[in-house]
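Visitor: Take a look at the letters that make up each chain.
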Amino acid sequence: MKKVLLAALDPVHDNAVKLLNRKLSELGYQTIILPPGVHENEVIERAIREQPAAILISRTLGYQVAEILGRLVDLAEAAGLREHTLLGVGGMAITRELGAELGFDATFTGELDIEEVVAFIEGKHLAENRQKIRFRHEKPDITGGYTYQFKDARIEHLLDQITDQILEWVKGKTTPAIERAKIRLAFLQEEGGNFLDSNHKRAGEFLERYLKWCGPQVQAFYREGKLPEGVRRLNAAEVAKLMARLKQMDCDSPRLPPGGGKPLVFVQYGTGCPLMDSIHIKTVEAWGADGVLHFDPSWGAQQEGLLEGWLSHQHDGTILTLENLRLIRSAMQPTTLWNVRGHRGLNTPEVQILAATAGADLLKINIPYGATAGGSDPARLTVDGVYSLRLAAQYGLPFDIPGNDELSGVPPYKTFAGMLVMVMLGLKLGAKPIPKPLLCYSPYMQIEGQMEDNYVDMNTAKLAVWREIVDAPLWPGEPVGFMTHTADRIQSAVTTAAHVALAAGLGVDAVTMASSDEAYSKGAISAAARVDTLRAVRDMLRFMGNCRFQATPRAALIQEQLRNEVIAVLEKVAQRGDFVAAIHEGLFGNQQDGLYPGRVGRDTVMIA
Amino acid sequence: MKSIGILGTAKNTGKTTTTLYLLRQIEEQGEQAGITSIGLDGEEHDFVTRLPKPRMELPCGALVLTAERCLEQNEAKVEILERTGLRTSLGELLLLRVKESGRILVAGPHRKQLLEKALNYFSRWGTDVLLVDGALNRAVPMTVLDGVILTTGAALVPDVEGIVRHTSAIIDLFQLPMEEEFTAASTQPQVVFWDGEKAVLNLRSLLSEEYLPDFVAHINKPVRAITLPVVCAPKLVEKFLKLGGAHFTRSRLIFSDPFRMLAGGNPIEWDAVIQFHRQRGGQVRCFMQKPLHCITVNPFFPRYDPQTATYKPDRLDAVKLFSALRKAAMPLPVFDLHVEKNVDLWKICQGGEINES
Amino acid sequence: MKRALDQVVDALDIETFVLCGDEEEARQIGERLLAELNLPHGDIVFLEFNGCGARLRLRSYLHRPGQGYPWLSPQEET
Chain A
1 MKKVLLAALD
11 PVHDNAVKLL
21 NRKLSELGYQ
31 TIILPPGVHE
41 NEVIERAIRE
51 QPAAILISRT
61 LGYQVAEILG
71 RLVDLAEAAG
81 LREHTLLGVG
91 GMAITRELGA
101 ELGFDATFTG
111 ELDIEEVVAF
121 IEGKHLAENR
131 QKIRFRHEKP
141 DITGGYTYQF
151 KDARIEHLLD
161 QITDQILEWV
171 KGKTTPAIER
181 AKIRLAFLQE
191 EGGNFLDSNH
201 KRAGEFLERY
211 LKWCGPQVQA
221 FYREGKLPEG
231 VRRLNAAEVA
241 KLMARLKQMD
251 CDSPRLPPGG
261 GKPLVFVQYG
271 TGCPLMDSIH
281 IKTVEAWGAD
291 GVLHFDPSWG
301 AQQEGLLEGW
311 LSHQHDGTIL
321 TLENLRLIRS
331 AMQPTTLWNV
341 RGHRGLNTPE
351 VQILAATAGA
361 DLLKINIPYG
371 ATAGGSDPAR
381 LTVDGVYSLR
391 LAAQYGLPFD
401 IPGNDELSGV
411 PPYKTFAGML
421 VMVMLGLKLG
431 AKPIPKPLLC
441 YSPYMQIEGQ
451 MEDNYVDMNT
461 AKLAVWREIV
471 DAPLWPGEPV
481 GFMTHTADRI
491 QSAVTTAAHV
501 ALAAGLGVDA
511 VTMASSDEAY
521 SKGAISAAAR
531 VDTLRAVRDM
541 LRFMGNCRFQ
551 ATPRAALIQE
561 QLRNEVIAVL
571 EKVAQRGDFV
581 AAIHEGLFGN
591 QQDGLYPGRV
601 GRDTVMIA
Chain B
1 MKSIGILGTA
11 KNTGKTTTTL
21 YLLRQIEEQG
31 EQAGITSIGL
41 DGEEHDFVTR
51 LPKPRMELPC
61 GALVLTAERC
71 LEQNEAKVEI
81 LERTGLRTSL
91 GELLLLRVKE
101 SGRILVAGPH
111 RKQLLEKALN
121 YFSRWGTDVL
131 LVDGALNRAV
141 PMTVLDGVIL
151 TTGAALVPDV
161 EGIVRHTSAI
171 IDLFQLPMEE
181 EFTAASTQPQ
191 VVFWDGEKAV
201 LNLRSLLSEE
211 YLPDFVAHIN
221 KPVRAITLPV
231 VCAPKLVEKF
241 LKLGGAHFTR
251 SRLIFSDPFR
261 MLAGGNPIEW
271 DAVIQFHRQR
281 GGQVRCFMQK
291 PLHCITVNPF
301 FPRYDPQTAT
311 YKPDRLDAVK
321 LFSALRKAAM
331 PLPVFDLHVE
341 KNVDLWKICQ
351 GGEINES
Chain C
1 MKRALDQVVD
11 ALDIETFVLC
21 GDEEEARQIG
31 ERLLAELNLP
41 HGDIVFLEFN
51 GCGARLRLRS
61 YLHRPGQGYP
71 WLSPQEET
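Chains as they are written, first to last, in my numbering: chain A, 1 to 608; chain B, 1 to 357; chain C, 1 to 78.
Any given hint could be a false lead.
What the hints assert, rightly or not - Derived DSS-like pairs: lysine-lysine, alpha-carbon spacing no greater than 27 Å straight-line:
#1 B:Lys312 to B:Lys290
#2 B:Lys117 to A:Lys124
#3 B:Lys239 to B:Lys221
#4 A:Lys139 to A:Lys262
#5 B:Lys112 to A:Lys2
#6 B:Lys198 to B:Lys235
#7 A:Lys18 to A:Lys3
#8 B:Lys11 to B:Lys221
#9 A:Lys428 to A:Lys151
#10 A:Lys151 to A:Lys572
#11 A:Lys124 to B:Lys235
#12 A:Lys3 to B:Lys320
Claimed, not checked - Just some of the chain A residues that point at chain B, by a computed CB distance under 7 Å:
#13 Ile68
#14 Arg71
#15 Asp74
#16 Leu75
Calculated from the structure, these hints are not laboratory results.
Ideal Cβ placement from N, Cα and C applies to all residues, glycine included.
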């Protein structure tokens with residue numbers, strides 16, 4: 001094996017050289033390592049004697065770096081070494097320009113890349129030599145390995161009752177959303193995409209049928225081409241430029257540590273523009289995210305019907321159209337998981353269809369949340385929600401159940417009760433639920449003083465109580481650490497990283513994390529802010545490794561209390577015997593908790 | 001083809017000015033010019049913008065050898081004549097012809113072997129004069145060229161005496177007579193004693209003190225000559241001579257060439273060794289020499305002002321500087337190309353008469 | 001009123017993300033950005049390139065230790 005001479009031309013710093021020494025030795029190279037602060041004359045003297053294949057120099061101090069290294073190169077030349085010994089240089093003081101100016105054969109910048117060094121020693125050019133390592137080979141199944149067995153018989157029984165009533169109640173009912181969904185499905189089956197596609201024979205016919213169930217704004221869009229405020233169409237040239245740019249990007253990157261598969265790290269997107277979203281998605285992929293969640297504008301959920309085409313929106317949330325979704329999907333790595341939100345509002349079933357058609361991996365449905373904090377009428381969303389669950393089951397796509405109503409002020413046990421109903425409902429319909437307890441510093445916690453000492457106990461208890469109740473995957477979000485972030489970049493990244501690490505230590509399957517712009521509301525989240533938190537999370541997970549946060553004994557007490565309180569809510573709901581009424585009456589969260597039953601879509605449930 | 005190395009003693013001594021001056025004259029003569037550099041030509045970064053500036057505005061028709069990645073900084077229109085297959089850290093070296101004048105970042109062959117091969121490429125494409133940009137502390141590859149021009153100035157050291165001393169020392173190295181009697185029998189140093197005996201020193205360089213006592217042990221009688229065709233640190237040579245004591249009196253020291261000497265140590269240190277040896281009746285020779293055609297000097301230098309944290313141009317007394325330098329360098333011509341516009345540099349490099357301005 | 005820049009104790013940092021093909025390009029963009037913004041004594045404090053773009057922290061030292069500090073002078077009208 002070849003001989004390599006290593007020298008650090010700094011008085012003290014030779015860690016890079018030591019690391020290189022270890023890695024090269026492991027690969028079988030014969031390494032000679034000189035002590036730190038060695039003089040360039042000594043390096044050459046030794047090299048003359050040893051005749052190595054390569055001399056690798058490290059220099060971190062900027063002082064006199066050009067003089068010292070220049071002298072070394074010239075000495076090597078003068079000693080006749082350069083005919084068979086390569087000269088490489090690296091270190092904090094070295095830029096590519098400096099290395100080239102001084103005449104080194106290679107300059108190494110940035111983090112140590114042993115492949116690059118070896119290719120250099122072997123005289124190979126990395127571009128030819130390097131096989132692209134693919135870091136992700138398949139899409140993980142978050143629900144894989146879970147039995148969904150309930151471990152708490154009492155809770156199971158109560159949920160059984162509640163969900164039987166729901167399924168009985170929705171029989172024979174339909175809504176405009178369901179009718180639109182059926183039309184959409186039929187159109188898709190005839191290979192239709194755009195209702196305004198003049199090339200499709202029956203597009204016009206389908207459109208007429210569709211518009212019958214749409215609200216005035218959507219009708220105006222299709223009939224008159226009227227766009228909502230702040231919305232513009234993207235042109236084909238813009239999209240083509242994006243696609244061309246995306247082709248140049250190779251964002252397959254290492255997973256965030258510990259690399260054992262859990263937790264999968266998700267990031268939300270929804271800048272309003274699918275082009276910007278695509279770049280953001282590529283960015284988060286490059287920095288280790290496993291999946292992304294699509295967020296749409298709230299006004300879209302409040303009108304009957306969906307728009308179509310490539311549409312860009314000036315405010316938060318990217319409009320749900322099949323074209324936007326397809327565009328965004330094409331920007332992603334094939335192995336990136338994709339969740340599309342459609343759990344509240346008037347278009348839930350149709351969103352599931354578009355999402356599944358565009359290639360989503362996960363859907364999102366939570367009736368109690370959507371029917372309160374989400375603003376949708378409880379009756380309407382119950383019918384739509386059940387239909388959507390059936391769709392999810394048909395598509396074989398898991399659906400997640402967010403618990404963000406806690407942010408209104410709802411105590412966690414009420415939120416959890418609602419989420420458990422959705423778990424059971426989903427299972428009965430053949431779907432695969434993923435509960436998402438929110439790890440947050442909610443108004444309830446603040447008012448009740450429940451998290452005064454630390455954020456660990458409550459969050460630990462919240463996750464533990466789920467594990468206690470049912471064998472199901474857990475995916476805290478969206479995002480974890482909600483209401484602990486400020487607009488300060490560092491603080492925001494720290495709290496995100498801590499929450500992710502806490503959840504990771506507790507063995508969750510996935511986690512949704514914020515950017516460092518989480519608390520900034522006057523503009524879209526920036527790409528830099530996304531990188532900030534992914535980096536912070538990477539380092540925090542590295543810091544923790546296989547360790548976990550140690551909760552105090554209080555966590556167990558909170559856990560027990562939560563469980564009891566969940567049961568109490570479910571008992572009330574079961575006793576009420578009417579799920580929709582239970583929502584209206586605030587059993588899943590009332591006015592005092594900051595929740596009001598939704599009104600969008602009121603009186604729109606019909607007999608089928 | 002004639003090749004000329006431009007050796008700068010420091011940045012801002014007028015290397016580019018000299019190169020472009022010469023390029024213009026070569027063009028005017030109707031000759032085919034070629035240009036390359038050892039390493040990356042130019043300031044690493046502009047003081048203010050911190051950008052790598054392509055310094056060389058090359059004329060139409062010039063042949064340039066530069067690394068592939070430098071084309072990203074290209075402002076001239078060029079035609080790629082040949083891909084040489086020679087590689088540097090900035091990519092493959094390409095031989096270009098300038099079709100439309102502009103600035104090009106020139107990063108050429110970074111070591112002697114490559115420069116040697118590069119000469120063939122230029123020659124094959126009909127180059128009459130090749131200019132190679134270099135620096136004093138990167139001088140060794142220049143042994144393959146036909147001659148050199150030295151550029152120096154206040155940027156090296158902002159005082160007249162310092163510049164004169166340094167320049168004189170360099171001139172001295174390039175004026176060391178060529179050895180005619182002895183040959184470098186091997187790549188290892190050899191001692192020839194006055195009594196005819198010879199000894200080979202098991203030395204492949206003289207850069208560390210470690211082996212000095214061993215070598216000195218060989219010096220047990222008066223030395224006639226000692227060949228040192230290896231890289232030497234001048235301070236160690238001096239020590240070697242002192243340890244050898246009287247045995248070295250009136251001996252002849254033969255080094256390989258001034259470039260290798262400069263690699264081993266700075267000119268002032270060599271000057272000290274050479275003077276020391278000459279004072280004891282000794283001689284100093286080189287196996288190879290190259291003509292030092294002339295010296296160009298820049299009296300300006302950037303003075304750092306800590307108050308404003310900026311650089312301000314300053315200059316030495318040009319009259320005093322040139323007067324002292326010309327005296328020390330005589331008969332070697334010394335020019336200030338910023339002021340003297342009619343110097344026939346080209347003729348001088350061809351060995352023509354000195355053009356007094 | 002005094003210039004705002006004079007009230008900065010020492011440095012101005014720019015945190016951003018740029019699209020580029022590789023680390024070298026990112027570096028060049030960073031340097032050009034400092035130049036375009038006319039910021040003196042600029043440096044790239046941090047750069048990480050991954051696949052599609054680079055996270056950059058650029059710094060401009062407005063007032064270095066040992067220089068005069070405009071923020072020590074009394075308030076002046078300009």
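Visitor: Would the pair lysine 18 of chain A and lysine 3 of chain A pass a check requiring their Cα atoms to be no farther apart than 27 Å?
Guide: The hint holds at about 15 Å.
Visitor: Less than 7 Å between beta-carbons is the criterion; does aspartate 74 of chain A satisfy it with respect to chain B?
Guide: Since the shortest Cβ distance to chain B is 4 Å, the answer is holds.
Visitor: With the threshold set at 27 Å, check whether the alpha-carbon distance from lysine 428 of chain A to lysine 151 of chain A stays at or below it.
Guide: Measuring from Cα to Cα gives roughly 17 Å; hence the hint holds.
Visitor: Is the interface hint for arginine 71 of chain A satisfied, with its Cβ closer than 7 Å to some Cβ of chain B?
Guide: 6 Å, holds
Visitor: Lysine 124 of chain A and lysine 235 of chain B were given as a pair; does the straight-line alpha-carbon distance stay at or below 27 Å?
Guide: 40 Å, violated
Visitor: Does leucine 75 of chain A pass the interface hint, meaning its C-beta sits closer than 7 Å to a C-beta of chain B?
Guide: 5 Å, holds
Visitor: Given the hinted pair lysine 112 of chain B and lysine 2 of chain A, is their Cα-Cα distance within 27 Å?
Guide: 23 Å, holds
Visitor: Between lysine 151 of chain A and lysine 572 of chain A, is the straight-line Cα distance small enough, at 27 Å or below?
Guide: 21 Å, holds
Visitor: Is the straight-line distance between the alpha-carbon of lysine 11 of chain B and that of lysine 221 of chain B 27 Å or less?
Guide: At roughly 47 Å apart (the allowed maximum being 27 Å), lysine 221 of chain B and lysine 11 of chain B break the hint.
Visitor: Would you mind confirming whether the straight-line C-alpha gap from lysine 312 of chain B to lysine 290 of chain B stays at or under 27 Å?
Guide: Violated, at about 37 Å.
Visitor: Verify the proposed pairing of lysine 3 of chain A with lysine 320 of chain B, using a straight-line Cα cut of 27 Å.
Guide: It is violated: about 54 Å lies between the C-alpha atoms, which goes past 27 Å.
Visitor: Could you check if isoleucine 68 of chain A really has its C-beta closer than 7 Å to a C-beta on chain B?
Guide: 10 Å, violated
In the structure shown, a violation is registered for the earlier hints numbered 1, 8, 11, 12, 13, in ascending order.
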